[in-house]
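Starting from the known structure of chain A, arrange chain B on it as the hints suggest.
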Amino acid sequence: MSGTAVRTRGVRPVEISGQGLTVRVRGRPTPILDDVGLSAPAGRVTGLIGPNGSGKSTLLHALAGSISPQAGLVRLGDRPFGELPRRERARTVAVMEQNSDSDTDLAVADVVALGRLPHRGRMAPARPQDAAACARALDLVGMTGTEHRRWRTLSGGERQRVQAARALAQEPAVLLLDEPTNHLDVQHQHELLSLLAATGLTVVVVLHDLALAARYCDRLVVLHEGRTHAAGPTHEVLTADTLRTVFGVRADVSRHAGALRVEVLGAAAG
Amino acid sequence: MTMSSSRSAELARPVAATVGRTVGTALGTALVLTAVAFAAVGTGGGDITWSETARSLGAHLGLPVAPLPSLVDSVVWELRAPRALLAAVAGAGLATCGVVLQAVTRNALAEPYLLGISSGASTGAVLVLVMGLGSGAVSLAGGALAGGLAAFGLVLLLLGRSAAGADRLVLTGVVVGQLFAALTSLVLLGWGDADAARGLTYWLTGSLAAARWPSVLLCATVVGVALLALRLIASDLDAFAFGARTAASLGVPVAAVRAVALVTTAGVTAVVVSSVGAIGFVGLIVPHAVRALVGPLHHRLLPASAVGGAVFLMLADTVARTALAPKQLPAGVVTALLGVPAFLLILHRRERR
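Chains as they are written, first to last, in our numbering: chain A, 1 to 270; chain B, 1001 to 1353.
If we strip away everything but chain A, and leave its shape as in the complex, we get (with noise of 0.2 Å):
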């Protein structure tokens, strides 16, 4: 990956926020999102962490929109989300799904290149600053090189950085994924979040690991059964206090050199 020049050029990050999200499917008597508020300033990286079956998914989804919450509004900026033209959206926020299985025979190149449709007309063919916005995308996750090799000869770690790659040519100003360190190895796992960091994009992302999160977020937002347990800069938020309640963990939490560290001892004692 190339370590200078990964600020994403000409895109103004702006703040991203949600007031009173709440989200309730049926058969389930407790709401999954129960009147959940955040705020994503603009170009820098919020986590949302919290235990299986929290809603941090479902809070990213209602960002995104692909999810309509029965209550609550998504903002960007000041403007609200919903307000804004369907391809505007999709130049302004790209999603980088959990799991992006697919049965076809797209070659890489192809796939990143879904990345223009909300940029190119519906007829267009793909014009030079498309391309060239997808060889740098493959570039900042590492892939150059791969664009011929077809979506099922890849490893799930790679189908991860390629999926990113499709996100960073959307070039937009805000970027939202849901564990995008599944299947990554570690040495891939810590390359792509501080790639994201160094976006300068406004990101918010879902991590399952604690020390992750500790390490690339300069916010996070902790969900626990629904609901906001905690929100703020990292290390306000991030305590043994609030491993112990809402993970259920032992915990130590130090910092070394200015940076974070979260060390799991154990289960906490019931």
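Relax, there's no trap hidden among the hints.
Using C-beta positions, here's what the derived DEER-type ranges look like:
| hint | chain 1 | residue 1 | chain 2 | residue 2 | range |
| --- | --- | --- | --- | --- | --- |
| 1 | A | GLU147 | B | LEU1232 | 23 to 29 Å |
| 2 | B | THR1034 | A | GLN187 | 54 to 60 Å |
| 3 | B | VAL1294 | A | ALA42 | 39 to 45 Å |
| 4 | A | HIS148 | B | ALA1229 | 30 to 36 Å |
| 5 | B | ARG1231 | A | GLY53 | 43 to 49 Å |
| 6 | A | ARG250 | B | ARG1245 | 35 to 41 Å |
| 7 | B | ARG1231 | A | GLN187 | 40 to 46 Å |
| 8 | B | LEU1337 | A | THR22 | 55 to 61 Å |
| 9 | A | ASN99 | B | GLU1078 | 54 to 60 Å |
If you're looking for bench data, these hints aren't it; they were derived computationally from the structure. Ideal placement from N, C-alpha and C gives every residue a C-beta, glycine not left out.
Leaving out everything else, chain B in the frame of chain A:
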């Protein structure tokens, strides 16, 4: 900045070369289609020579050639020519339907016959025919459309709102297809006249024996309009590769694209079934083979599959007419004999992943 702009220039393909290649592809395609169509028209019993075939076609197309005796001429122009062209148009339509259904269901085994749509269209057409509701090719196609939509609707209803797995989709389609095949038999044998038994083969396996010019024109119009509509959503169909949610996040109007896909496939299947009966597997074999040649992107896959379907069904019907001559097989028998191994092959490859 400078680096990336020089890279852009490098990536820009010369426009002239692209245009030249497009024109070349179009000419080559037209040549292949014409050659296969001529071979289909010229092949068959009755000792009609190739030059007689050419003379008959030439005379009707306004070329300055001596016309043939009317008996020979009518065999070529009234029977064989519409039959070959109907095979071409129906094959193009069915192959295109397969491509679209495979894209929106994300299932390589989806096609109008296996999803029961063709069987439903047969039932609808037979009801119109036997109950004497209206008359002519258009009301027949209308009945087929209603039946096709009913079958499609039933499949979707049985699948429920949950995202169905590939296997469940095909199983449900096959079961619904069996139901409508039984209904077709019931209507034909219970209320039809003496010709019903022969009609049964036609509506259940499909045959091009009854092809005449009016149904060629009707089919060609509907398939042509459908291809134009589908060209508009070709890039949207690409985006469905990773599911509807990812497509939506790329700015694709998912509901509208699904509606266009549903209406065009049901419409094309209906008009094809009302003209040639339920010919199966074209929508499975052709897209699969064409994908190997031109790749999975729909702006190439759709037109290439239309051409492939046209060639495939013209050849399949020629084999059906001549393999056991003077006996004639329904074209659907030939497509099924080729389609079942193709189905098993695709299934095997999917499971190995």
